[in-house]
Amino acid sequence: MVKFLPLKQAVAENLNDGDSVAFEGFTHLIPTAAAHEAIRQGFRDLTLIRMTPDLIYDQMIGMGMAKKIIFSYVGNPGVGLLRRARDSIENGFPRAIEVEEHSHAGMANAYEAGAAGLPCAVFRGYRGAGLATVNPNIKSVTCPFTGEVLAAVPSIRPDVTFIHAQKADRKGNVLVEGIIGIQKEAVLAARRAVVTVEEVVDNFDDLHPNLTVLPRWTIAAISVVPGGSHPSYAHGYYARDNAAYLEWDEIAADRDKFQAWMQANVIEKSADDFAGRVEHLRKAA
Amino acid sequence: MSGNPGFTPNEMMTIAASRALRNDDVCFVGIGAPSAACNVARLTHAPDITLIYESGTIGTAPDVLPLSIGDGELCETAVTTVAVPEMFRYWLQGGRISIGFLGAAQLDKFGNINTTVIGDYFHPKTRLPGGGGAPEIATSSKEIYITMAQTKRGMVEKIDFFTSFGHGEGGDHRKRLGIDTAGPTLLITDLAIWKPDPMTKEFTVVSLHPGVTRQQVQESCGWVVKFAEALDETPAPSELELKTLRDLQARTKAAHEGNGKAKAA
Chain A
1 MVKFLPLKQA VAENLNDGDS VAFEGFTHLI PTAAAHEAIR QGFRDLTLIR
51 MTPDLIYDQM IGMGMAKKII FSYVGNPGVG LLRRARDSIE NGFPRAIEVE
101 EHSHAGMANA YEAGAAGLPC AVFRGYRGAG LATVNPNIKS VTCPFTGEVL
151 AAVPSIRPDV TFIHAQKADR KGNVLVEGII GIQKEAVLAA RRAVVTVEEV
201 VDNFDDLHPN LTVLPRWTIA AISVVPGGSH PSYAHGYYAR DNAAYLEWDE
251 IAADRDKFQA WMQANVIEKS ADDFAGRVEH LRKAA
Chain B
1 MSGNPGFTPN EMMTIAASRA LRNDDVCFVG IGAPSAACNV ARLTHAPDIT
51 LIYESGTIGT APDVLPLSIG DGELCETAVT TVAVPEMFRY WLQGGRISIG
101 FLGAAQLDKF GNINTTVIGD YFHPKTRLPG GGGAPEIATS SKEIYITMAQ
151 TKRGMVEKID FFTSFGHGEG GDHRKRLGID TAGPTLLITD LAIWKPDPMT
201 KEFTVVSLHP GVTRQQVQES CGWVVKFAEA LDETPAPSEL ELKTLRDLQA
251 RTKAAHEGNG KAKAA
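So the sequences go chain by chain: A and B.
With this note's numbering, the residue at position 220 of the first sequence is 220, and numbering never jumps.
With this note's numbering, the residue at position 28 of the second sequence is 28, and numbering never jumps.
A couple of the hints might just be wrong.
[As the list claims (entries may be wrong)] DEER-style ranges, computed between Cβ atoms: (1) 272(A) - 157(B): 54 to 60 Å; (2) 211(A) - 47(B): 26 to 32 Å; (3) 197(B) - 211(A): 50 to 56 Å.
[Said to hold, decoys possible] Capping the alpha-carbon separation at 27 Å, the derived lysine-lysine pairs in DSS-like fashion look like this: (4) 8(A) - 167(A); (5) 195(B) - 152(B); (6) 139(A) - 226(B); (7) 175(B) - 125(B); (8) 269(A) - 257(A); (9) 195(B) - 68(A); (10) 243(B) - 152(B); (11) 125(B) - 158(B); (12) 253(B) - 243(B); (13) 67(A) - 167(A); (14) 67(A) - 8(A); (15) 67(A) - 125(B); (16) 125(B) - 257(A); (17) 139(A) - 253(B); (18) 195(B) - 175(B); (19) 67(A) - 269(A); (20) 139(A) - 142(B); (21) 283(A) - 253(B); (22) 158(B) - 195(B); (23) 142(B) - 158(B); (24) 175(B) - 158(B).
None of these hints come from the bench; they were simulated from the model.
Positions of the beta carbon are idealized from the N, C-alpha and C atoms, including for glycine.
Take the sequences, apply the hints, and build the full model.
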């Protein structure tokens, strides 16, 4: 049953060295605060799963926490490349990582299959694509009814998934809205799920009945971290800090600059610092 | 280009690309140049065009160009926003997309695209972001439009990795793989408009932008360029098209540099 915990404790209780872990959020609602807490606690040998690895995986890879990465787009969305991830893949710095690469369709289907309790996902994909020749986990099956050859990939079943969401009610049910991405599938596919939220409200009684709500019994722990998605955004709370994504490109380009930035902005900070980072991005009343 | 035509090659590219879109198209939009072209189309001759970004936003009408495919603006202005698995399963795989609009880091003459690696996949010289949604956009959309600025590094005889499949080795290669969609039917660069040869499927220049010479097209392309016998000149941008594009880019610049102040979530 869900527990409300300080983020430090929620991460310590649910993440272990060697885990496969998804910090999901499709551009929106990226669980940055949870990722930074994991960095502060210094986990090692993680298998990092995410469709769009983004800044937080660049940071975790740059800090040497990952042994493997499973992804479908290893870029800084709209800006360019992820330079710490590149350094690791191209130069083995600070360590070499194993790469399992898919398309978005492949990852989305694999999460959905994980949530559905299936061993694999079947879809029409990877036709003529080079990934099918370099990733041994991309295979094919023949439809028993039509004979059509379809792509098959193993389902994604993370040990633990972290997501950020707008709100929880007092019982611990969680509401996600806006670009809902892969949040629901990533939670239901995982053995354990930890959610950071912007706020806790009394109840969801007056909301539309078809909203994306994760019942409290699907979640292990909830931590209240206002601004916890920065520099990503929380629809209805604050805007995406596009300038920070542009700045990251320069920070991550240099190994020393990266280390200094991580020291000052992650290692020496806490989850409480996120609220201040989104003040200027909150919607004008 | 000789003289001052009053517009840049990139502006001509975006506007020429925008003209290819129709009001009743359902367009899966790649970020960057395709996104600008699609929104210029929506703001000029195709007000009812359905723009879809892979973050799940269907029928979006952003006031500024998104930096990423998942900016809040896309969701706020969309007809509906769906989960990513639904986006790829029901809407793309389900066959509801008329045009997939892609950019490319590396392109060959058959419209095959590489955005994955420069060099060997396992020991890359440069690790690029990878395909994202492109491998399935390229095969499940009814047609593919591609837009990119011409360079010899970008337009190459042989791409390093098949991120998304165009016409493969040309001819009926798509059909041989059981792919029943048309694939790349249009390439718009900063210098010209290209269409695949009906038989070989090799991209052929059908229209030169105003002031552009055949030689310029060849000098910035890594394969030997084929030109159509009847070569058109692309009409120059109209005042409305140029103003629409420039206003859109100015709003976008202000919003992205303004740290979100110009447009909150």
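A quick look at each hint next to the structure:
1. 272(A) - 157(B): 54 to 60 Å: 56 Å, holds
2. 211(A) - 47(B): 26 to 32 Å: 30 Å, holds
3. 197(B) - 211(A): 50 to 56 Å: 51 Å, holds
4. 8(A) - 167(A): 19 Å, holds
5. 195(B) - 152(B): Satisfied, since the Cα-Cα distance of roughly 19 Å is no more than 27 Å.
6. 139(A) - 226(B): 38 Å, violated
7. 175(B) - 125(B): 33 Å, violated
8. 269(A) - 257(A): This hinted pair holds, its Cα atoms lying about 17 Å apart.
9. 195(B) - 68(A): 42 Å, violated
10. 243(B) - 152(B): 31 Å, violated
11. 125(B) - 158(B): 16 Å, holds
12. 253(B) - 243(B): 15 Å, holds
13. 67(A) - 167(A): 33 Å, violated
14. 67(A) - 8(A): 23 Å, holds
15. 67(A) - 125(B): Given that 27 Å is the threshold and the Cα spacing comes to 21 Å, the pair holds.
16. 125(B) - 257(A): Given pair residue 125(B), residue 257(A) holds - Cα atoms ~23 Å apart, limit 27 Å.
17. 139(A) - 253(B): Given that 27 Å is the threshold and the Cα spacing comes to 44 Å, the pair is violated.
18. 195(B) - 175(B): Since the Cα atoms of residue 195(B) and residue 175(B) sit roughly 19 Å apart, the hinted pair holds (cutoff 27 Å).
19. 67(A) - 269(A): 25 Å, holds
20. 139(A) - 142(B): Answer holds: residue 139(A) to residue 142(B) is near 25 Å, not above 27 Å.
21. 283(A) - 253(B): Answer holds: residue 283(A) to residue 253(B) is near 19 Å, not above 27 Å.
22. 158(B) - 195(B): It holds: about 19 Å lies between the C-alpha atoms, which stays within 27 Å.
23. 142(B) - 158(B): 25 Å, holds
24. 175(B) - 158(B): Roughly 21 Å separates the two Cα atoms, so the pair holds.
Violation of the numbered hints given earlier is confined to hints 6, 7, 9, 10, 13, 17; the remaining hints are satisfied by the structure.
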